[in-house]
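Engineer: Given these sequences and hints, build the entire structure.
The chain contents come next:
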Amino acid sequence: MTKPTLIRNAKLIDPAKDKVSDGAILFADKIIDIGAVTSAPDGAEIIDADGAHVAPGLIDMRVVIGEPGAEHKETFKSAGRAAAAGGVTTMVMMPNTTPVIDDQSLVDFVLRRAPERTGGVHILPAAALTKGLSGALMTEIGLLSEAGAVMFTNGDAPIRDSRVLRRALSYATAFDVLVAHRPEDPYLADGGVMHEGELAARLGLPGIPAAAEAIMAERDLALAELTGGRLLLDMLSAAQTLPAVKRAKNRGVNAAASVNVHHLVLNEHDVANYRTFAKLSPPLRSEDDRVALVQAVKDGLIDVIVSGHDPRQAEDKRLPFEEAAFGAVGLETLLPGALTLHHKGDAPLTTLLRAMTAKPAELLNLPQGRLAKGAPADVIVIDVGAPFRLDSDKLKSKSNNSPFDEKTLQGKVLRTFVGGRSVYAAE
Amino acid sequence: MAERPSGVKKNEARTSPVRFRHKHLLAISDLDRFEIESLLARAEAFAPLAEQKIKKLDTLRGRTLINLFFENSTRTQSSFELAGKRMGADVVNMSVKSSSVAKGETLIDTATTLNAMRPDLLVIRHGASGAAELLSQKVDCAVINAGDGKHEHPTQALLDALTIRDRLGAIEGLVIAICGDILHSRVARSNVALLTMLGARVRLVGPPTLMPAGADRWGAKVFHDMRQGIKDADVVMMLRVQRERMDGGFFPSAREFFWFYGLDEDKLKFAKPGAVVMHPGPMNRGVEIDSGVADNPNISLIETQVRMGVAVRMAVLEALAESGSNAGAR
Numbered sequence: 001m002t003k004p005t006l007i008r009n010a011k012l013i014d015p016a017k018d019k020v021s022d023g024a025i026l027f028a029d030k031i032i033d034i035g036a037v038t039s040a041p042d043g044a045e046i047i048d049a050d051g052a053h054v055a056p057g058l059i060d061m062r063v064v065i066g067e068p069g070a071e072h073k074e075t076f077k078s079a080g081r082a083a084a085a086g087g088v089t090t091m092v093m094m095p096n097t098t099p100v101i102d103d104q105s106l107v108d109f110v111l112r113r114a115p116e117r118t119g120g121v122h123i124l125p126a127a128a129l130t131k132g133l134s135g136a137l138m139t140e141i142g143l144l145s146e147a148g149a150v151m152f153t154n155g156d157a158p159i160r161d162s163r164v165l166r167r168a169l170s171y172a173t174a175f176d177v178l179v180a181h182r183p184e185d186p187y188l189a190d191g192g193v194m195h196e197g198e199l200a201a202r203l204g205l206p207g208i209p210a211a212a213e214a215i216m217a218e219r220d221l222a223l224a225e226l227t228g229g230r231l232l233l234d235m236l237s238a239a240q241t242l243p244a245v246k247r248a249k250n251r252g253v254n255a256a257a258s259v260n261v262h263h264l265v266l267n268e269h270d271v272a273n274y275r276t277f278a279k280l281s282p283p284l285r286s287e288d289d290r291v292a293l294v295q296a297v298k299d300g301l302i303d304v305i306v307s308g309h310d311p312r313q314a315e316d317k318r319l320p321f322e323e324a325a326f327g328a329v330g331l332e333t334l335l336p337g338a339l340t341l342h343h344k345g346d347a348p349l350t351t352l353l354r355a356m357t358a359k360p361a362e363l364l365n366l367p368q369g370r371l372a373k374g375a376p377a378d379v380i381v382i383d384v385g386a387p388f389r390l391d392s393d394k395l396k397s398k399s400n401n402s403p404f405d406e407k408t409l410q411g412k413v414l415r416t417f418v419g420g421r422s423v424y425a426a427e
Numbered sequence: 001m002a003e004r005p006s007g008v009k010k011n012e013a014r015t016s017p018v019r020f021r022h023k024h025l026l027a028i029s030d031l032d033r034f035e036i037e038s039l040l041a042r043a044e045a046f047a048p049l050a051e052q053k054i055k056k057l058d059t060l061r062g063r064t065l066i067n068l069f070f071e072n073s074t075r076t077q078s079s080f081e082l083a084g085k086r087m088g089a090d091v092v093n094m095s096v097k098s099s100s101v102a103k104g105e106t107l108i109d110t111a112t113t114l115n116a117m118r119p120d121l122l123v124i125r126h127g128a129s130g131a132a133e134l135l136s137q138k139v140d141c142a143v144i145n146a147g148d149g150k151h152e153h154p155t156q157a158l159l160d161a162l163t164i165r166d167r168l169g170a171i172e173g174l175v176i177a178i179c180g181d182i183l184h185s186r187v188a189r190s191n192v193a194l195l196t197m198l199g200a201r202v203r204l205v206g207p208p209t210l211m212p213a214g215a216d217r218w219g220a221k222v223f224h225d226m227r228q229g230i231k232d233a234d235v236v237m238m239l240r241v242q243r244e245r246m247d248g249g250f251f252p253s254a255r256e257f258f259w260f261y262g263l264d265e266d267k268l269k270f271a272k273p274g275a276v277v278m279h280p281g282p283m284n285r286g287v288e289i290d291s292g293v294a295d296n297p298n299i300s301l302i303e304t305q306v307r308m309g310v311a312v313r314m315a316v317l318e319a320l321a322e323s324g325s326n327a328g329a330r
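Protein chains in written order, with our numbering: chain A, 1 to 427; chain B, 1 to 330.
Don't read these hints as lab results, they were simulated from the structure.
Keep in mind it's a predicted model, so treat the numbers as computed, not measured.
Some hints here could point you the wrong way.
[What the hints assert, rightly or not] Derived DSSO-like pairs (lysine-lysine); straight-line CA-CA distance at most 30 Å:
id, chain 1, residue 1, chain 2, residue 2
1, B, Lys267, A, Lys131
2, B, Lys55, B, Lys23
3, A, Lys249, B, Lys221
4, A, Lys249, A, Lys344
5, A, Lys17, A, Lys412
6, A, Lys11, A, Lys298
Structural biologist: Printed below as a string of structure tokens:
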């Protein structure tokens with residue numbers, strides 16, 4: 001039996017209802033009561049939030065973990081610690097491990113191993129859409145889904161062969177599973193290391209044009225329409241892609257879109273001086289692109305904000321820009337990164353939180369992501385305004401490749417509860 | 001020669017065999033309900049013949065039947081051969097490997113050559129949809145489609161209907177689930193046309209990748225969940241899954257296919273008690289059907305299908321031979 005907790009004097013954010021209200025929340029493993037709660041059962045922990053916000057724990061739909069196969073970058077344990085500190089209570093784990101999660105036994109391994117290692121934070125495996133992520137043959141989508149895979153994705157390797165994606169999307173409809181696909185034309189993107197434009201030209205670096213994304217997103221949306229499959233366009237970066245998403249959604253195509261939090265806050269100029277920690281895939285694009293992405297989140301055109309957590313060791317990053325690895329850690333900066341937009345007045349708090357809680361829960365059919373009686377007590381307490389300077393050496397992740405290093409952010413997680421159990425308390 | 005046996009009365013309206021007005025049998029969709037009932041009635045009368053000591057009639061004495069098989073087939077080819085011989089016809093089997101097709105001759109060249117030999121009946125199986133139709137335009141004799149690509153296999157649908165009637169009486173009102181690879185199946189296309197015409201409620205069950213576009217407009221209901229699809233069905237008709245479709249193209253693996261779409265005793269429990277199981281053969285045991293189901297004589301009609309196949313083909317040969325002298329439409 002989980003010890004009950006009462007948090008009073010809080011600002012309760014229910015992103016599912018787009019509502020912030022003063023009150024209290026009482027929970028054990030599930031949320032017992034919410035609103036004007038006055039009494040707590042004997043033995044309950046009572047927390048005075050002192051006006052801090054209480055929100056559902058974040059659901060991060062895109063987390064790369066090195067276990068199995070690259071435990072020097074990240075393990076279930078280190079990812080669990082980083083997530084708890086970042087207010088992330090559910091991680092969707094990408095299948096690009098070694099071996100690739102393309103078989104029931106690997107799904108089973110993650111589901112058995114992760115809970116005892118993460119300290120309670122949920123890890124839900126996304127399975128590979130094609131065997132070995134090779135883009136050629138679809139995986140056993142039905143059996144993997146029954147084993148517990150919550151989503152299917154080819155990770156960072158877009159599927160070139162339209163017929164393969166068509167069949168996978170079509171086959172997936174029999175099991176009503178979500179297929180996430182990174183739209184990036186591999187031929188146009190080949191060899192590129194940053195956004196194609198004037199800056200790349202000045203830096204002498206090969207670029208990836210925005211069209212690489214727009215072209216493939218159009219194809220993916222057309223295939224989703226053809227098959228009726230549930231598609232998530234994974235990590236959009238370009239303004240040019242957005243009209244296609246809007247048209248498809250208006251036509252009733254079963255499609256959603258996500259964005260990496262870094263692309264909402266940073267732009268191509270963050271890679272100036274050849275800063276490899278800001279070398280991301282898709283690349284950080286122009287300021288116009290960033291502004292359009294923020295607007296799309298605000299409008300609900302982009303449904304989900306992810307961390308794109310991708311741990312890389314220093315030896316993979318401290319290289320000439322073209323040779324350095326793509327990717328940034330993000331579990332601990334997802335929330336403060338997104339809150340930047342709230343503080344600048346670019347997007348409302350509830351909208352931002354919805355894209356990290358209620359929306360992912362809806363897409364993945366999870367009971368989490370809302371503050372409501374009976375929902376699992378995955379709850380975080382946040383001091384939304386608290387400023388801090390990010391010291392990437394102090395990150396709890398095993399890797400510290402954050403482009404937010406030495407930047408001042410606002411928004412600190414004070415407490416994190418998963419299923420009513422405290423998994424993190426700020427010092 | 002044996003006496004022609006008389007048909008057994010069943011509870012469905014029977015019509016006495018009437019002159020068949022088509023020159024060829026190319027597709028079920030060319031026929032109307034009356035013609036189908038009439039063919040079935042003929043076939044029903046032929047069925048008991050197989051149990052007699054002397055199985056031969058002289059209806060087609062002096063006529064020539066050529067079996068022209070461009071695709072390998074054991075049961076359909078021998079079924080037509082046997083049907084022709086039992087009707088008294090001279091039967092020639094042409095297999096592709098030994099024919100001049102292997103030397104580069106086109107289908108039309110082959111047709112012209114065969115036509116010069118003046119056969120009366122030409123049975124063709126070909127991998128291309130529409131091949132039987134093309135052949136029928138180039139020869140003077142009757143053409144019987146024994147399977148053309150992914151289009152039709154009319155005698156299979158007729159024998160399936162005869163098998164169902166033999167076991168369950170009327171077809172009208174029955175719930176019949178056709179399961180598996182609908183996309184590539186000529187058997188499914190012919191059966192949907194025929195069974196819906198006879199008043200059955202037909203369902204198509206299979207993964208979305210093996211379901212043709214617009215299948216929901218064939219007059220059948222489409223299901224991707226097999227348990228729902230065969231729920232309360234009177235007949236579960238399984239289709240063969242081709243080996244070459246198994247590895248990740250249309251579905252991920254044989255084991256996943258069997259788990260979700262293979263007919264085993266557990267899934268069959270969802271069908272109506274007493275439901276029967278059919279398969280056009282040859283079966284992939286452990287892929288689309290479990291041996292425990294396929295070999296259970298109480299529920300499997302697979303042997304009856306083979307038996308009825310000969311009777312149906314005799315009926316078709318007889319009907320076309322009669323109409324042969326009458327220069328009518330196709």
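Engineer: Compare the structure with each hint and give your call.
Structural biologist: Hint check results:
Taken as a hint, the Lys267 (chain B) and Lys131 (chain A) pair is honoured in the structure, with Cα atoms around 28 Å apart against an allowance of 30 Å. Between Lys55 (chain B) and Lys23 (chain B) the CA atoms are separated by roughly 27 Å; this keeps the pair inside 30 Å, and the hint holds. With a C-alpha separation of about 28 Å, the suggested pairing of Lys249 (chain A) with Lys221 (chain B) holds against the 30 Å cut-off. A distance of roughly 28 Å separates the Cα atoms of Lys249 (chain A) and Lys344 (chain A); the hinted pair therefore holds under the 30 Å criterion.
Of the supplied pair hints, the one linking Lys17 (chain A) and Lys412 (chain A) holds, its CA atoms being roughly 23 Å apart against a limit of 30 Å. Our distance criterion of 30 Å between C-alpha atoms is met by Lys11 (chain A) and Lys298 (chain A), whose separation comes to about 22 Å.
In summary, the structure agrees with every hint in the numbered list given earlier.
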